[in-house]
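Asks: The whole structure should be built from the sequences, with the hints applied where relevant.
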Amino acid sequence: MKTNRGARSGRGVFATLFLVSAILLSFASPSLLAQSSFTSPFDHYTTGYRLDGAHEYVDCESCHVYGTFAGTPTQCWDCHRSASLVRATVQPATHITTSERCDSCHRTAAWVPIARIDHLETYGTCQSCHDNRRAAGKPTNHLPTDNQCDNCHRTTAWTPAFFDHAGIDSNCASCHNGTTAQGKPTDHIPSTNVCEDCHNTMSFSPVARVDHLQVMGTCSGCHNGVIARGQHPQHIPTMDECDTCHSPAGWRQ
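Heads up: the sequence shown runs through residues 118 to 370, numbered per the working numbering.
It is worth saying that the hints were derived from the structure and are not from the lab.
Per label pair, the in silico range of CB-to-CB distance: (1) A298 x E173: 41 to 51 Å; (2) T191 x S287: 46 to 56 Å; (3) H329 x E217: 56 to 66 Å.
Even glycine gets a Cβ: it sits at the ideal position worked out from N, Cα and C.
Replies: So this is what it looks like as structure tokens:
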């Protein structure tokens, strides 16, 4: 009888200790429990595939399907395609046509904004992508032209543009208005001429020719040594206006 009583007493003490331990654990710090449960000495970098960016927060089973570790794909396209078993976002149907690898343009932190683009591996014309939907396209204030984008712009930057005027179907002032493109400066000579009467598409200066019939004001109003060539130091002293002796066709006439 004493033996049975001792056994029951021992079981009672064990039950009491178990109950006290359970109560203590219920008050333990959640962060401590999480740390003890999920901390692992395993370093994923040792596999040759570094978990960074968005990959750092992906559940293991999202990539290691069916608990398989050996042979898990390491290239972006192996996972980010519709036929993959890995639960990853796939390349959209509207993606530009290219032979480049995903990481040539995108980062692991986020798909957008795109980090860089190698246009050498991109197929199609500029406007195939630069349509204001897939990528920034021609702005609403762009000058009217039938040129292709790459006739004037480069893949490294939109500006400065190297402009081919051959495809322009309007006059100079429609673009060279000071807003769309550089216009007539404030110190321009007063004239009713259109730009192309004096300038050419290769350069504003030097002026190719001047139709003096459309120039308003006196000769010295322009030929003052600042706007246009003026009276040279060896000129004879005179109070006469230039056109008293000279003609628009030439100084010596």
